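S.K.: Generate the whole structure from the sequences, applying the supplied hints.
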Amino acid sequence: GAVVSQHPSRVICKSGTSVKIECRSLDFQATTMFWYRQFPKQSLMLMATSNEGSKATYEQGVEKDKFLINHASLTLSTLTVTSAHPEDSSFYICSARLAYSTDTQYFGPGTRLTVL
Amino acid sequence: AQKITQTQPGMFVQEKEAVTLDCTYDTSDPSYGLFWYKQPSSGEMIFLIYQGSYDQQNATEGRYSLNFQKARKSANLVISASQLGDSAMYFCAMRVKGNNRLAFGKGNQVVVIP
Chain A
1 GAVVSQHPSR VICKSGTSVK IECRSLDFQA TTMFWYRQFP KQSLMLMATS
51 NEGSKATYEQ GVEKDKFLIN HASLTLSTLT VTSAHPEDSS FYICSARLAY
101 STDTQYFGPG TRLTVL
Chain B
117 AQKITQTQPG MFVQEKEAVT LDCTYDTSDP SYGLFWYKQP SSGEMIFLIY
167 QGSYDQQNAT EGRYSLNFQK ARKSANLVIS ASQLGDSAMY FCAMRVKGNN
217 RLAFGKGNQV VVIP
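Quick note, the sequences are listed as chains A and B, same order. Following the working numbering, the residues of the first sequence are numbered contiguously, the last one being 116. Following the working numbering, the residues of the second sequence are numbered contiguously, the last one being 230.
Take the hints with a grain of salt, since some may be wrong.
[To be verified] Simulated pairs of lysine to aspartate or glutamate, EDC-like, Cα-Cα distance not exceeding 20 Å:
| id | chain 1 | residue 1 | chain 2 | residue 2 |
| --- | --- | --- | --- | --- |
| 1 | B | Lys119 | A | Glu59 |
| 2 | A | Lys41 | B | Asp145 |
| 3 | B | Lys119 | A | Asp103 |
| 4 | B | Lys213 | B | Glu160 |
| 5 | B | Lys186 | B | Asp145 |
| 6 | A | Lys20 | B | Glu160 |
[To be verified] A few chain B residues that don't get close to chain A, going by computed Cβ distances all over 12 Å:
| id | residue |
| --- | --- |
| 7 | Phe128 |
| 8 | Pro146 |
| 9 | Ser158 |
| 10 | Asn174 |
| 11 | Asn183 |
| 12 | Asp202 |
| 13 | Arg211 |
| 14 | Val227 |
[Said to hold, decoys possible] If you want the footprint, here are the derived chain B segments under chain A, 3+ residues with CB under 8 Å:
| id | segment |
| --- | --- |
| 15 | 130-136 |
| 16 | 161-171 |
Source of the hints: derived by calculation from the structure; they are not laboratory data. Remember, predicted model here, so these are calculated numbers, not experimental data. We put the beta carbon where it would ideally sit given N, CA and C, even for glycine.
M.R.: Laid out in C-alpha cells, this is it:
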C-alpha cells in the first residue's frame, strides 16, 4: 500500500515553455501532498505544501507564480513550472502524507526536468 | 526550528556486514517523529522506518533498526546483513507534531561491495 506515482519521469523542454508534473496517490487519499526539489548530491528542499481544495502553502523564496500547484482531488496534485528556464532544471519529487497514522510521507519516483 | 545532522562521509560496506548511519537532531518540541528514507540512484525515496518520540522501544523493520537515544538526540539507522541492493543515499528526517514540514538531513552515501 501507500503507492505514489509521478508523471512524467523525465521531461526535456525548451526555455520559455511550461511543464506540468502530476503526482497521484494510487491506493489512498491524501489531503496533503508536498513538492520537493533536489539538486544533484544534495538533500530535498521543500517547495510547497499542497492541500486539497485550498491554496498551496509555499516555502520562503519559492515563487508561487512560477511554480503553480493545484490539488484538485484527494489523489492528485499537479506542479506546473511556468516559463521554464535552464536554472529550473532539477529533480522534482512529490510526497503524500498518510494521515491518522504516523503521518509518514510516501514519495513518488520523481521527475527529472531539463530545460534547454 | 528543527535541524537534522548527518555528517558521515561516504561509506563502503562489505556485503553481509552491518552498517550504522548516524543522525542527530535538534528540536525543542517534545512530540516529534523520526524517519529514515533510502534513495537509490533511480531517485525514488523509499520509506524505511519510523520512530516516535514517545515510543518506548526502538523501531525495527526487517533488516533495519533504529537506535533511538532520546537524551542524546540521536536516531542512528542500523542495517544488518548488507546486500548489494542497499547501495544508496540514506536520509534521516524529522517531523514535529503539528507541523507539516519534514526536515531532512544531508544524507549518507552507502556503497555495498561484494
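S.K.: Next, verify each hint and record whether it holds.
M.R.: Results for each hint:
The hinted pair formed by Lys119 of chain B and Glu59 of chain A meets the criterion: a straight-line CA distance of about 16 Å does not exceed 20 Å. Annotation: proposed proximity of Lys41 of chain A to Asp145 of chain B is violated, straight-line Cα distance about 30 Å (limit 20 Å). For the hint linking Lys119 of chain B to Asp103 of chain A, the alpha-carbon distance of about 19 Å falls within 20 Å, and the restraint holds. For the suggested pair Lys213 of chain B and Glu160 of chain B, the alpha carbons sit about 25 Å apart, so the restraint of at most 20 Å is broken.
Simply put, Lys186 of chain B and Asp145 of chain B have alpha-carbon atoms about 12 Å apart, close enough for the 20 Å limit, and the pair holds. Of the pairs offered as hints, the one joining Lys20 of chain A and Glu160 of chain B holds, with about 19 Å between alpha carbons and a cut-off of 20 Å not exceeded. Interface exclusion of Phe128 of chain B from chain A stands, the closest Cβ pair being 17 Å apart, more than 12 Å. Every Cβ of chain A is farther than 12 Å from the Cβ of Pro146 of chain B; the closest lies at roughly 16 Å, confirming the non-interface assignment.
With 12 Å as the threshold on Cβ separation, the claim that Ser158 of chain B sits away from chain A is violated: the shortest Cβ distance comes to roughly 7 Å. Distance check for Asn174 of chain B against chain A: the nearest CB is about 15 Å away, which clears 12 Å, and the non-interface claim stands. Distance check on Asn183 of chain B: its Cβ is at least 18 Å (rounded) from any Cβ of chain A, clearing the 12 Å threshold; non-interface status holds. The beta carbon of Asp202 of chain B sits about 18 Å from the closest Cβ of chain A, which is more than 12 Å, so the claim that it is off the interface holds.
Its beta-carbon lying about 6 Å from the closest one in chain A, Arg211 of chain B breaks the requirement of being farther than 12 Å from that chain. With a least beta-carbon separation of about 14 Å from chain A, Val227 of chain B lies farther than 12 Å from that chain, consistent with its non-interface assignment. With 0 residues bearing a CB less than 8 Å from a CB of chain A, the segment 130-136 of chain B misses the requirement of three and the coverage assertion fails. Under the rule that three or more residues need a Cβ within less than 8 Å of chain A, the assignment of the segment 161-171 of chain B holds, with 5 such residues.
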